[in-house]
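Protein chains: 2
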Amino acid sequence: MSMVCAVIGLAFAYFLIRAIMRHSAGNEKMREISAAVQEGAKAYLNRQVKTISVIAVVIFILLFIFKDHSTAIGFVIGAFCSLAAGFIGMRVAVLANVRTTQAASVMRTAALRIAFNGGAVTGLLVVGLALLAVSIFYTVAGKIVGHDLAVRSLVGLALGGSLISVFARLGGGIYTKAADVGADLVGKIEKGLEEDDPRNPATIADNVGDNVGDCAGMAADVFETYAVSLIGAILVGALTLAGNPAAIIYPFVLGGISVLGAICGVFFVNVVPGKPAPVLMGAVITNALVSAILFWPATHLLFPAGVTISGVVRSPTQLYFASVIGLIMTAVVVAITNYYTSMRYRPVQKIAHASETGHATNIIAGLAVGQHATALPVVCIGIAILLSFHFAGLYGIAIAVMSMLSMAGIIISLDSFGPITDNAGGVAVMAKLPKEVRAVTDELDAVGNTMKAVTKGYAIASAGLAALVLFCSYVEELRDHVTARGEIFSFQFSLTEPKVIIGLFIGGLLPFIFTAFSMDAVGKAAGAVVREVRRQLQAKPGILTGQDLPDYATCVDIVTKAALREMIVPALLPLFFVVAVAMIPQLGPVVLGGMLVGTIVTGLFIAIAMTSSGGAWDNAKKFIEEGNLGGKGSFAHAAAVTGDTVGDPYKDTAGPAINPMIKVVNILAILIIPIFF
Amino acid sequence: MSMVCAVIGLAFAYFLIRAIMRHSAGNEKMREISAAVQEGAKAYLNRQVKTISVIAVVIFILLFIFKDHSTAIGFVIGAFCSLAAGFIGMRVAVLANVRTTQAASVMRTAALRIAFNGGAVTGLLVVGLALLAVSIFYTVAGKIVGHDLAVRSLVGLALGGSLISVFARLGGGIYTKAADVGADLVGKIEKGLEEDDPRNPATIADNVGDNVGDCAGMAADVFETYAVSLIGAILVGALTLAGNPAAIIYPFVLGGISVLGAICGVFFVNVVPGKPAPVLMGAVITNALVSAILFWPATHLLFPAGVTISGVVRSPTQLYFASVIGLIMTAVVVAITNYYTSMRYRPVQKIAHASETGHATNIIAGLAVGQHATALPVVCIGIAILLSFHFAGLYGIAIAVMSMLSMAGIIISLDSFGPITDNAGGVAVMAKLPKEVRAVTDELDAVGNTMKAVTKGYAIASAGLAALVLFCSYVEELRDHVTARGEIFSFQFSLTEPKVIIGLFIGGLLPFIFTAFSMDAVGKAAGAVVREVRRQLQAKPGILTGQDLPDYATCVDIVTKAALREMIVPALLPLFFVVAVAMIPQLGPVVLGGMLVGTIVTGLFIAIAMTSSGGAWDNAKKFIEEGNLGGKGSFAHAAAVTGDTVGDPYKDTAGPAINPMIKVVNILAILIIPIFF
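Protein sequence lines, in the order shown, are assigned to chains A and B. Counting in the numbering used here, the first sequence runs from 2 upward without gaps. Counting in the numbering used here, the second sequence runs from 2 upward without gaps.
Keep in mind that a hint or two might mislead.
Since the list gives no way to pick one copy over another, a pair counts as held whenever it fits inside one copy or between any two copies.
In silico SDA-like cross-links for lysine to any residue, where the CA-CA straight-line distance does not exceed 25 Å [to be verified]:
#1 Lys189 x His638
#2 Lys144 x Phe518
#3 Lys144 x Ile384
#4 Lys189 x Ala306
#5 Lys525 x His354
#6 Lys351 x Glu191
#7 Lys189 x Phe636
#8 Lys525 x Asn629
#9 Lys51 x Val380
#10 Lys433 x Val55
#11 Lys351 x Lys525
#12 Lys436 x Phe67
#13 Lys541 x Phe490
#14 Lys189 x Gly394
#15 Lys51 x Val5
Think of the hints as simulated: they come from the structure by calculation, not from any bench.
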């Protein structure tokens with residue numbers, strides 16, 4: 002059933018691509034720019050694949066030797082699909098960008114729909130791909146090595162997806178922000194050029210960055226989140242409901258149903274007129290309602306007599322409630338993040354007002370908003386855990402996570418919206434289209450900023466829940482492993498155990514230094530861009546007067562190399578931590594368990610704080626640029642630009658990369674149990 | 002024995018005061034300024050006492066009704082001593098400030114010694130007070146209600162100390178940074194005045210702030226940390242070594258010995274010539290060595306045959322090792338924080354270089370340095386836990402904490418050094434002394450910045466360990482309470498329990514929103530100062546030309562009111578969290594336990610990151626002001642000033658207040674067990 006839905010989703014995505022392609026790609030100049038951006042993005046992704054492949058091959062070999070073959074193959078499939086998702090995201094975005102620009106020169110609604118549909122293609126393809134990959138692998142592996150081992154091999158697939166996703170998020174994030182910050186520091190601040198001015202040698206690199214970071218990185222990330230949540234639910238289903246095949250089918254069904262819901266959401270946007278933000282929110286609500294309605298009969302069909310979980314019989318209605326919690330969580334997290342990052346509410350306006358007294362007060366206000374923004378999502382996560390556990394134990398939590406993630410299709414559609422309109426604006430300026438076109442794309446871009454923050458909040462909230470499921474899988478795997486040796490499982494994960502506390506500290510440290518290294522990486526890569534732009538402007542003074550053409554390709558090349566070089570250290574950090582803790586005999590499995598939870602706890606907070614601060618700073622700047630508090634060029638605006646620049650690595654590099662990082666740590670820990678303990 | 006040492010310490014402090022008083026307090030103008038600062042500080046502290054008293058009386062009554070009388074009386078004693086420590090710190094600092102200025106106009110070494118001795122007075126008085134208060138209360142209460150109840154009543158004393166300390170840290174921190182930021186924003190940035198220019202109406206308030214925040218707040222904080230660590234060690238000693246009186250005497254002895262060590266350290270500074278930083282470090286090493294040597298015979302005398310802890314016999318040598326771990330931790334944490342915040346090393350210089358590309362890159366670099374700075378201390382804490390637990394179980398951890406805190410006397414001497422020289426510089430400028438005087442105080446001030454960061458790192462690292470001890474006491478209290486009712490203790494604090502995870506999330510949240518509210522508070526109070534300064538300058542334009550005198554008193558009054566108003570919400574937050582979690586029946590004792598640990602985990606990281614970032618930013622600015630990278634007035638300097646201003650609430654308000662906050666949460670949880678569960 003879920004495969005059918007996945008195929009329907011893919012077919013619908015194909016239909017959307019055809020619909021987008023029918024729109025005009027604009028004039029000669031626009032096609033030219035679009036081609037240059039596309040080429041840069043492709044060149045980057047190709048090199049990124051080569052770099053990651055080296056590491057992936059090493060891990061494949063290790064898994065092949067130390068684990069079983071099916072896990073190693075699962076790893077390759079997960080890695081390949083994650084990469085493929087990134088490629089798809091990038092390709093579709095590049096197609097949609099230029100057509101959005103063209104549409105914006107005609108009509109706002111058309112631009113909104115093309116940008117959204119471009120995102121929807123990625124969303125449906127990524128979700129469809131994840132559903133198909135996991136279900137086909139599970140079916141085939143089940144036939145060959147038996148269901149028990151097939152479930153375990155899925156962990157390999159999850160690791161492949163997560164690891165690639167960390168690299169894609171980091172590499173793309175470093176690329177996009179290094180190019181952005183580098184272009185701004187010299188172009189905007191030193192030379193007074195506008196955003197996307199074609200005289201800035203880093204402009205093409207900046208636009209490439211939006212595609213490789215926000216589109217390709219994000220698509221890989223959501224593929225990973227989706228696949229891991231699905232696999233987590235299957236693992237828990239196999240553990241707690243052993244022998245009941247419905248427990249494993251259920252997560253697939255939830256995913257399949259929401260593909261249909263997402264299609265309804267896409268229809269909603271393409272049919273209903275109105276302002277961008279409410280229309281997009283309407284799409285989310287449509288999807289949630291359709292899913293909520295269809296989950297009911299599906300749950301009752303699969304579990305007509307309920308199920309027995311840890312000795313307690315749970316009715317189908319209780320399972321249904323657990324699945325609805327995931328849908329509600331999605332809506333709640335979206336609404337909360339929207340409040341903290343939209344320019345219509347107090348937090349962003351507070352940052353804007355703080356800009357009037359200078360750079361420092363803007364920064365303080367932004368940092369405080371990010372920290373405040375952690376409160377409600379975390380409380381909601383707590384309530385969701387409590388309720389879903391109440392309804393169906395650990396399986397209930399896993400179901401809630403999966404149902405939350407089942408909405409990924411529509412959420413990606415919102416997220417991609419931002420970079421597509423951002424790039425559309427870039428094309429408009431570079432192709433020297435009339436100012437009104439830019440005004441339309443700017444309006445859509447502001448909505449896109451909030452949507453991007455919303456998606457990240459959603460991804461990290463689900464990661465918090467998913468990681469919890471993975472941690473319990475770790476403990477169960479450990480128990481199986483120890484008892485299989487004929488020993489008694491005596492490990493205690495109690496907080497009164499000093500080793501657990503040490504684990505919590507080490508785990509809590511990981512997100513702190515992971516993000517610190519990521520921010521350093523952006524700084525170093527941006528420095529390389531700044532030097533190159535300054536060199537070009539000095540060597541050819543004609544660039545600024547428009548007589549000479551800048552050398553875009555060299556900038557693209559420099560950022561590509563810098564991003565790939567700088568992503569290595571932070572991306573390998575989680576692997577290093579897990580293996581180091583596992584290898585040191587004084588630490589061992591208990592400290593590792595504490596570490597997994599520690600990473601979830603601080604990671605959740607830092608990720609929410611960073612992405613919220615970043616989104617809020619960006620929109621505080623946009624709020625001032627709309628003419629408030631002195632408008633563009635005022636003292637407040639200068640301070641707001643500082644905040645926006647600080648927010649860049651926060652919201653687009655370090656913050657979102659925490660999500661796959663948490664998962665890598667948890668999955669890797671599960672995989673290495675038989676190797677080290 | 003410890004009482005004798007405490008009395009020796011107090012006597013030596015008295016001798017130091019006499020020595021300081023013998024120095025000249027300078028000319029008429031200087032005495033006048035000093036008197037104005039003193040008056041403002043006294044006025045603030047008096048009002049603070051009134052505000053806090055209301056809350057303290059309410060809590061006293063609640064304890065009196067719901068707990069036993071001796072706990073309620075302990076609470077009052079703890080609160081009173083914490084307040085007294087604050088008063089002492091402020092009084093001594095004000096005396097030392099002006100004499101340091103006078104000495105700086107004669108000789109650098111003399112200025113160094115007076116500033117240090119001023120700090121040493123506070124250090125010895127605070128430590129002596131804590132030792133005496135705890136030992137007298139314990140002895141007297143033991144005689145009246147029996148030893149068992151006396152140990153429990155000590156928790157009341159700890160709560161009193163911690164609660165007052167949260168208020169003092171927050172109120173003082175908000176005061177000092179609101180005045181500082183407010184004075185800078187209008188005076189320095191808008192009007193181009195120098196630091197401490199007497200034409201700035203907020204100057205006196207700024208100097209008052211240094212005294213009520215950095216001196217009074219810090220003294221209350223260290224009193225709390227010391228008393229809580231001592232009480233924690235006693236609690237654990239009573240729990241794990243029931244019946245062995247040496248277990249309870251041992252922590253007192255360690256404290257007493259280190260008082261003698263601190264006196265040796267003070268002699269070292271007053272005798273050895275040389276550069277400020279190495280001389281001060283020499284004092285710490287002297288103290289550590291003296292303590293390490295004397296701990297050996299003391300441990301063997303108290304535990305000639307070793308002790309049995311959880312069924313294992315521990316030799317006196319093992320206990321001695323546990324105590325030495327605390328001394329080593331002190332040295333290590335001091336060295337690490339020194340590396341991250343001193344301008345002689347890479348982190349600070351990296352921030353300075355990042356300032357060349359603007360405000361935003363300065364901020365990103367500073368935030369990254371703060372996060373990096375968490376790594377080594379946390380790893381060291383982990384090692385310390387592992388080793389001290391290995392040597393003597395939980396009692397070993399408690400002993401390590403106590404021995405670490407036993408060095409508080411000398412550490413405070415370093416810490417007070419900063420605000421005293423800062424204020425001395427202020428007096429020099431306001432009294433229009435020659436520039437060379439300011440140069441001497443500036444040099445000492447830069448060393449003081451690092452020392453302040455070092456002390457905060459020390460306080461928070463010890464808090465991490467102490468809180469762990471308190472958490473275990475919480476679990477033991479809970480066990481006693483449940484079994485006393487004749488029920489079976491069935492609470493599980495395992496990480497596989499969803500309620501524990503929810504607790505970790507809620508606890509992890511607390512430091513995030515606590516610091517967010519604190520930073521907001523500084524912003525609001527600073528806004529009030531900015532408005533008042535602008536109003537005065539507009540109403541009397543003669544102020545800037547020197548014809549009119551500014552109205553310092555109104556500024557002092559406004560900051561006083563604003564600081565006291567704004568401290569209430571964040572200070573009551575931890576109380577609210579603990580009581581709310583305890584009261585909601587779906588949460589209860591297990592969630593509360595998880596919450597205690599969650600607060601420790603994220604609190605530790607945030608506190609280290611914030612105080613390190615703040616210190617590094619401050620010294621990056623000083624590094625540029627020394628003439629590097631363009632010096633004062635350059636673009637890089639403007640960016641560095643932004644970083645310093647962001648760092649102000651980080652390092653002096655939000656960051657250091659986390660330390661007592663963590664303790665309040667843990668102690669309160671222990672106290673409310675019989676009320677709610």
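Right, here's what the structure says about each hint:
1. Proximity of Lys189 to His638 under the C-alpha cut-off of 25 Å is found in both arrangements, the shortest distances being 13 Å within a copy and 20 Å between copies.
2. In the homo-oligomer, the alpha carbons of Lys144 and Phe518 never lie at most 25 Å apart, since the shortest distance is 44 Å inside one protomer and 57 Å across protomers.
3. With identical chains, the CA atoms of Lys144 and Ile384 are never at most 25 Å apart, being 40 Å at best within one copy and 48 Å at best between copies.
4. For the identical chains of this complex, Lys189 and Ala306 are neighbours neither inside a copy (65 Å) nor across copies (74 Å), given an alpha-carbon limit of 25 Å.
5. In this homomeric assembly, Lys525 and His354 come within 25 Å of each other (Cα to Cα) only across copies, at 12 Å, whereas the closest approach inside a single copy is 31 Å.
6. Proximity of Lys351 to Glu191 under the C-alpha cut-off of 25 Å is restricted to the inter-copy arrangement: shortest distance 21 Å between copies versus 28 Å within a copy.
7. Proximity of Lys189 to Phe636 under the C-alpha cut-off of 25 Å is found in both arrangements, the shortest distances being 15 Å within a copy and 16 Å between copies.
8. Only between protomers do Lys525 and Asn629 lie at most 25 Å apart by alpha-carbon distance; the minimum there is 21 Å, versus 34 Å within a single protomer.
9. In the homo-oligomer, the alpha carbons of Lys51 and Val380 never lie at most 25 Å apart, since the shortest distance is 42 Å inside one protomer and 35 Å across protomers.
10. Taking the closest pair of Cα atoms, Lys433 and Val55 never come within 25 Å of each other, the shortest separation being 42 Å inside a single copy and 67 Å across copies.
11. Taking the shortest alpha-carbon separations for Lys351 and Lys525, only the inter-copy value of 11 Å comes in at or below 25 Å, while the best intra-copy value is 31 Å.
12. Neither within a single protomer nor between protomers do Lys436 and Phe67 lie at most 25 Å apart by alpha-carbon distance, with minima of 61 Å and 71 Å respectively.
13. For the identical chains of this complex, Lys541 and Phe490 are neighbours neither inside a copy (71 Å) nor across copies (79 Å), given an alpha-carbon limit of 25 Å.
14. Proximity of Lys189 to Gly394 under the C-alpha cut-off of 25 Å is found in neither arrangement, the shortest distances being 55 Å within a copy and 60 Å between copies.
15. Taking CA atoms no more than 25 Å apart as the test, Lys51 paired with Val5 passes in neither setting, with 34 Å inside one copy and 71 Å between copies.
The structure is inconsistent with the numbered hints 2, 3, 4, 9, 10, 12, 13, 14, 15, although it conforms to all the rest.
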